[in-house]
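> Protein chains in written order, with our numbering: chain U, 439 to 550; chain C, 19 to 135.
Bear in mind the hints are in silico, worked out from the structure with no lab data behind them.
For glycine and all other residues, C-beta sits at the position ideal for the given N, C-alpha and C.
Be a bit skeptical, because a hint or two may be false.
Said to hold, decoys possible - Now the stretches of chain U that chain C is said to cover, found in silico as 3 or more residues with beta-carbon under 8 Å:
no., region
1, 450–459
2, 476–488
Stated by the list, open to error - Facing chain U, according to a computed beta carbon distance under 7 Å, are these residues of chain C, among others:
no., residue
3, Gly-60
4, Leu-61
5, Glu-75
6, Pro-79
7, Phe-126
8, Gly-129
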Amino acid sequence: GQSLEQPSEVTAVEGAIVQINCTYQTSGFYGLSWYQQHDGGAPTFLSYNALDGLEETGRFSSFLSRSDSYGYLLLQELQMKDSASYFCAVKGGSGGYQKVTFGTGTKLQVIP
Amino acid sequence: NAGVMQNPRHLVRRRGQEARLRCSPMKGHSHVYWYRQLPEEGLKFMVYLQKENIIDESGMPKERFSAEFPKEGPSILRIQQVVRGDSAAYFCASSPPGLAGGNNEQFFGPGTRLTVL
Chain U
439 GQSLEQPSEV TAVEGAIVQI NCTYQTSGFY GLSWYQQHDG GAPTFLSYNA LDGLEETGRF
499 SSFLSRSDSY GYLLLQELQM KDSASYFCAV KGGSGGYQKV TFGTGTKLQV IP
Chain C
19 NAGVMQNPRH LVRRRGQEAR LRCSPMKGHS HVYWYRQLPE EGLKFMVYLQ KENIIDESGM
79 PKERFSAEFP KEGPSILRIQ QVVRGDSAAY FCASSPPGLA GGNNEQFFGP GTRLTVL
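Construct the entire structure; sequences and hints are all you get.
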């Protein structure tokens, strides 16, 4: 099966940088994704890493180390609107079916 | 291009009634996923469907729950004889057909909030 671990809560100051870690277990790894969900809203896709290294998209970056089964989401220049839950999701499996499993989410609170 | 649509957005049922949740995927998407989310919790996978086929229903309870994605029309998640523990937000997501190595982005609908009285 697949499993993921990420911290349940993180608090950071507006303007600062925060890193949200995710470790995973899966067979037949394909990639690691990150999603953002505001309270009462739907999850929205942020990033996807299939290869080792850092992917940057504006203020958000995502990192993957396949050998360590580890990734993180880096949020820079934090804004109040970044307060949300962040989920990592691993895609893995064998044959023709790649299953996506979501972590339990990290609730980020940005404070002034 | 409209996004993933779900209806109703809010559904109230009494114990023992049936709940039907509908999901229309994005145009061109042939993969549909259903998730359940309790307050302050993560997304729990329920079922993955392609047109007229259930690919993976390992996350769906064996009793009272069923899902379909017919050739025409929306995907339906059906909960029979609802109980209070079924109260949750149910999200549908869709993705396009693609290669195994492709981006696994799923596009989520706004969800249906089910309340069982």
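> Per the coverage rule (Cβ-Cβ under 8 Å, at least three residues), is the region 450–459 of chain U covered by chain C?
violated (count 0)
> Should the interface hint for C:Leu-61 be scored as holding, given a Cβ-Cβ cut-off of 7 Å against chain U?
Nearest chain U Cβ about 4 Å off; hint holds.
> Against chain U, with CB atoms and a cut of 7 Å, does the hint on C:Pro-79 hold up?
Not OK, violated: C:Pro-79 not within 7 Å of chain U, min 18 Å.
> Please verify that hint: C:Phe-126, Cβ, nearest Cβ of chain U, below 7 Å or not.
4 Å, holds
> Are there three or more residues in the region 476–488 of chain U whose C-beta lies closer than 8 Å to some C-beta of chain C?
Satisfied; 7 residues make the cut.
> Using the nearest Cβ pair, does C:Glu-75 come within less than 7 Å of chain U?
Interface hint status for C:Glu-75: violated (12 Å vs cutoff 7 Å).
> Does C:Gly-129 meet its interface restraint, that is, does its C-beta lie within less than 7 Å of any C-beta in chain U?
6 Å, holds
> For the hint on C:Gly-60, just tell me whether its beta-carbon gets within less than 7 Å of chain U.
Hint holds; C:Gly-60 Cβ to chain U Cβ min 4 Å, cut 7 Å.
Hint violations for this structure: numbers 1, 5, 6, all remaining hints satisfied.
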